[in-house]
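All chains, please: the whole structure from these sequences, using the hints.
As given, the protein sequences belong to chains A and B, one line each in that order.
Start counting the first sequence at 1; every next residue gets the next number (my numbering).
Start counting the second sequence at 1; every next residue gets the next number (my numbering).
Each hint should be verified, as a subset may be incorrect.
[As the list claims (entries may be wrong)] Straight-line C-alpha distance at most 35 Å; calculated DSBU-like pairs for lysine-lysine:
hint : chain 1 : residue 1 : chain 2 : residue 2
1    : A       : 234       : B       : 48
2    : B       : 53        : A       : 234
3    : B       : 86        : A       : 53
4    : B       : 234       : A       : 48
5    : B       : 262       : A       : 86
6    : B       : 53        : A       : 68
7    : B       : 48        : A       : 262
8    : B       : 68        : A       : 217
9    : A       : 129       : A       : 174
10   : B       : 234       : A       : 53
11   : A       : 48        : B       : 262
12   : B       : 25        : A       : 53
13   : A       : 257       : B       : 48
14   : A       : 65        : B       : 48
15   : B       : 257       : A       : 262
16   : B       : 234       : A       : 262
17   : B       : 53        : A       : 65
18   : B       : 53        : A       : 262
19   : A       : 48        : B       : 129
20   : A       : 48        : B       : 48
21   : B       : 53        : A       : 53
22   : A       : 262       : B       : 68
23   : A       : 129       : B       : 129
24   : A       : 86        : B       : 53
25   : B       : 48        : A       : 53
26   : B       : 53        : A       : 174
27   : A       : 257       : B       : 53
28   : A       : 53        : B       : 129
Hints listed in this document are in silico derivations from the structure and should not be mistaken for laboratory results.
These figures come from a predicted structure and were not determined experimentally.
Number of protein chains: 2
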Amino acid sequence: MSDKRPIGVFDSGVGGLTVVEQIRKILPGEDIIYFGDTARVPYGTKSKETITKFSVENVEFLMEKDVKLVVVACNTASSLGLDFLKRCFRVPIIGVIEPGAKGAVSLTRNNRIGVIGTNATISSGAYEKAIRKINPGIFVSKASCPLFVPLVEEGWADMPVTGQIASIYLTPLKSTKIDTLIMGCTHYPLLRETIQRVMGRGVMLVDSAKEVAREVKTILDSAGGLNTGGRKGKINFFVSDEPFRFVSVAERFLRRKISCVKRAV
Amino acid sequence: MSDKRPIGVFDSGVGGLTVVEQIRKILPGEDIIYFGDTARVPYGTKSKETITKFSVENVEFLMEKDVKLVVVACNTASSLGLDFLKRCFRVPIIGVIEPGAKGAVSLTRNNRIGVIGTNATISSGAYEKAIRKINPGIFVSKASCPLFVPLVEEGWADMPVTGQIASIYLTPLKSTKIDTLIMGCTHYPLLRETIQRVMGRGVMLVDSAKEVAREVKTILDSAGGLNTGGRKGKINFFVSDEPFRFVSVAERFLRRKISCVKRAV
Numbered sequence: 001m002s003d004k005r006p007i008g009v010f011d012s013g014v015g016g017l018t019v020v021e022q023i024r025k026i027l028p029g030e031d032i033i034y035f036g037d038t039a040r041v042p043y044g045t046k047s048k049e050t051i052t053k054f055s056v057e058n059v060e061f062l063m064e065k066d067v068k069l070v071v072v073a074c075n076t077a078s079s080l081g082l083d084f085l086k087r088c089f090r091v092p093i094i095g096v097i098e099p100g101a102k103g104a105v106s107l108t109r110n111n112r113i114g115v116i117g118t119n120a121t122i123s124s125g126a127y128e129k130a131i132r133k134i135n136p137g138i139f140v141s142k143a144s145c146p147l148f149v150p151l152v153e154e155g156w157a158d159m160p161v162t163g164q165i166a167s168i169y170l171t172p173l174k175s176t177k178i179d180t181l182i183m184g185c186t187h188y189p190l191l192r193e194t195i196q197r198v199m200g201r202g203v204m205l206v207d208s209a210k211e212v213a214r215e216v217k218t219i220l221d222s223a224g225g226l227n228t229g230g231r232k233g234k235i236n237f238f239v240s241d242e243p244f245r246f247v248s249v250a251e252r253f254l255r256r257k258i259s260c261v262k263r264a265v
Numbered sequence: 001m002s003d004k005r006p007i008g009v010f011d012s013g014v015g016g017l018t019v020v021e022q023i024r025k026i027l028p029g030e031d032i033i034y035f036g037d038t039a040r041v042p043y044g045t046k047s048k049e050t051i052t053k054f055s056v057e058n059v060e061f062l063m064e065k066d067v068k069l070v071v072v073a074c075n076t077a078s079s080l081g082l083d084f085l086k087r088c089f090r091v092p093i094i095g096v097i098e099p100g101a102k103g104a105v106s107l108t109r110n111n112r113i114g115v116i117g118t119n120a121t122i123s124s125g126a127y128e129k130a131i132r133k134i135n136p137g138i139f140v141s142k143a144s145c146p147l148f149v150p151l152v153e154e155g156w157a158d159m160p161v162t163g164q165i166a167s168i169y170l171t172p173l174k175s176t177k178i179d180t181l182i183m184g185c186t187h188y189p190l191l192r193e194t195i196q197r198v199m200g201r202g203v204m205l206v207d208s209a210k211e212v213a214r215e216v217k218t219i220l221d222s223a224g225g226l227n228t229g230g231r232k233g234k235i236n237f238f239v240s241d242e243p244f245r246f247v248s249v250a251e252r253f254l255r256r257k258i259s260c261v262k263r264a265v
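Written out as structure tokens, the structure is:
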């Protein structure tokens, strides 16, 4: 059996492309529809009600494109809107929190895990709940890092000032003796080197994107939903604001040129 | 004649409160309806089309409240959407660009003016056009400072790292020998001391809010539209996301407690 329908992925903006990359690596034959809500980005400073409303609209858009599965690539939307989305729609919907938590729990040796993310993600407590559901004995410390997203979008990932800001956010976390840190926002992998330098070499960094891609494969495989047609999958990008603004940041994320970006509304 | 209808003010978020404060100072008898589009903030990273669409919706909301005049307190919306808004609605609509430009032109002694703002405001060229309309002989230099808004919203106005970021953005501007600098974003007055320190004491900083308030008074006065009832005016705040998030940042802007914040949609 082969299901030729595309996989749908949405994010508040461009960050979800890190998830798209990982899906492409392990499922190269799948078509992907990506939706970035660039007219209303960011989600991380907004309320649960607003984020849920936006997320429902985003999934409705993807459903019109006849997707067979939806990945909520945005950590904030996964933290605050996932349960509601699962109740509203019939296709499988995968968030980034549970896969990220699973990845971290399998890595930690001292049972001390840190989580960083946007204000909304961190105050939701979603990662702690997911980690404790797997192993209630794990200690979790956390910090919100609201300036990381604007710093990445400004292209300042490697500036010395970004290192200083990372120190301000991460030093209290470092003192909690964690050995594993979840980068709970799709922008943060672009700051991986800076975060690693501040936390020290002994701390393992978890990027949910890889874990999510594995989850997508598992779910499609078990339901006979993989596209086994054998040709290389295509990606179509849709955004809610002007495409050209998306393209320049997207190319920084993907480290390659992209095309086929259309305005969704 | 006395027009008891309120003045409408909108901004992408909380920044427009600096304009509200100035209107209250010189027109204490006026009622004000403030709308902050906190569900879709920021505007400064988005396209003209999207900003204009949002601005039209914001003015429609204020018109339902029967306002007699609208102030577009957001520099980005003023730069990109004002002309369209003026064509769409019958009430007087005042932006922040022309008053700010006027203020700067009246202050400069060496005819060299600088402008700072969001990406969208700076790339629109709106301030240059407004300045050159008054005096085509004036030299204008400019810089976008995208991290200033998130730094203010994070409450980091007085952190040393904010001074370093200000140096990165403003040093090239300083070298153009301007004697006057327009703070072309309603958040920036909260960074006044940092900006002044980097630019040096010889550079005069222009905050459009005061100029806008004077313009509101002039227009209402000339049309017999002031509220001459003699009682103290009331302010009602409306936001498109949850009120409590607005309140905490708003109180930092106003340096006092506020109440009467309602969700608009």
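Comparing the hints with the structure gives:
A hinted pair counts as satisfied when its Cα atoms are at most 35 Å apart, and residue 234 of chain A with residue 48 of chain B qualifies at roughly 30 Å. Between residue 53 of chain B and residue 234 of chain A, the direct Cα distance comes to roughly 32 Å. Compliance with the 35 Å bound is thereby established for this hinted pair. At roughly 31 Å between alpha-carbon atoms, residue 86 of chain B and residue 53 of chain A fall within 35 Å of each other, so this suggested pair holds. At roughly 30 Å between alpha-carbon atoms, residue 234 of chain B and residue 48 of chain A fall within 35 Å of each other, so this suggested pair holds.
Taken as a hint, the residue 262 of chain B and residue 86 of chain A pair is honoured in the structure, with Cα atoms around 30 Å apart against an allowance of 35 Å. This hinted pair checks out: residue 53 of chain B and residue 68 of chain A have alpha carbons roughly 32 Å apart, not beyond 35 Å. Under the criterion of a C-alpha separation no larger than 35 Å, the hint pairing residue 48 of chain B with residue 262 of chain A is consistent with the structure, at around 17 Å. Distance check on the hinted pair: residue 68 of chain B and residue 217 of chain A sit about 59 Å apart at the alpha-carbon level, beyond 35 Å; violated.
Pair hint residue 129 of chain A plus residue 174 of chain A holds up; C-alpha atoms about 21 Å apart against a cutoff of 35 Å. Taking the CA atoms of residue 234 of chain B and residue 53 of chain A, the gap is near 32 Å; set against the 35 Å cutoff, the hint holds. Taking the CA atoms of residue 48 of chain A and residue 262 of chain B, the gap is about 17 Å. The hint holds against a cut of 35 Å. Between residue 25 of chain B and residue 53 of chain A the CA atoms are separated by roughly 38 Å; this puts the pair beyond 35 Å, and the hint is violated.
For the given pair, residue 257 of chain A sits about 25 Å from residue 48 of chain B by alpha-carbon distance, which is consistent with the 35 Å threshold. Taken as a hint, the residue 65 of chain A and residue 48 of chain B pair is honoured in the structure, with Cα atoms around 27 Å apart against an allowance of 35 Å. At roughly 45 Å between alpha-carbon atoms, residue 257 of chain B and residue 262 of chain A are farther apart than 35 Å, so this suggested pair is violated. Distance hint between residue 234 of chain B and residue 262 of chain A is unfulfilled; the C-alpha atoms sit about 45 Å from each other, more than 35 Å.
Among the hinted pairs, residue 53 of chain B with residue 65 of chain A is consistent with the structure: their alpha-carbon atoms are about 25 Å apart, no more than 35 Å. The straight-line distance between the Cα atoms of residue 53 of chain B and residue 262 of chain A is roughly 18 Å, inside the 35 Å bound, and the hint therefore holds. At most 35 Å may separate the alpha-carbon atoms for a hinted pair to count; residue 48 of chain A and residue 129 of chain B exceed this at roughly 41 Å. This hinted pair checks out: residue 48 of chain A and residue 48 of chain B have alpha carbons roughly 28 Å apart, not beyond 35 Å.
For the suggested pair residue 53 of chain B and residue 53 of chain A, the alpha carbons sit about 19 Å apart, so the restraint of at most 35 Å is met. The straight-line distance between the Cα atoms of residue 262 of chain A and residue 68 of chain B is roughly 40 Å, outside the 35 Å bound, and the hint therefore fails. With a C-alpha separation of about 54 Å, the suggested pair residue 129 of chain A and residue 129 of chain B falls outside the 35 Å cut-off, and the hint is violated. Proposed proximity of residue 86 of chain A and residue 53 of chain B is supported: the alpha carbons are some 31 Å apart, at most 35 Å.
For the hint linking residue 48 of chain B to residue 53 of chain A, the alpha-carbon distance of about 24 Å falls within 35 Å, and the restraint holds. A distance of roughly 45 Å separates the Cα atoms of residue 53 of chain B and residue 174 of chain A; the hinted pair therefore is violated under the 35 Å criterion. Between the alpha carbons of residue 257 of chain A and residue 53 of chain B the distance comes to roughly 30 Å, so the proposed pair stays at or under 35 Å and holds. With a C-alpha separation of about 39 Å, the suggested pair residue 53 of chain A and residue 129 of chain B falls outside the 35 Å cut-off, and the hint is violated.
Consistency with the previously given hints fails for numbers 8, 12, 15, 16, 19, 22, 23, 26 and 28, ordered from lowest to highest.
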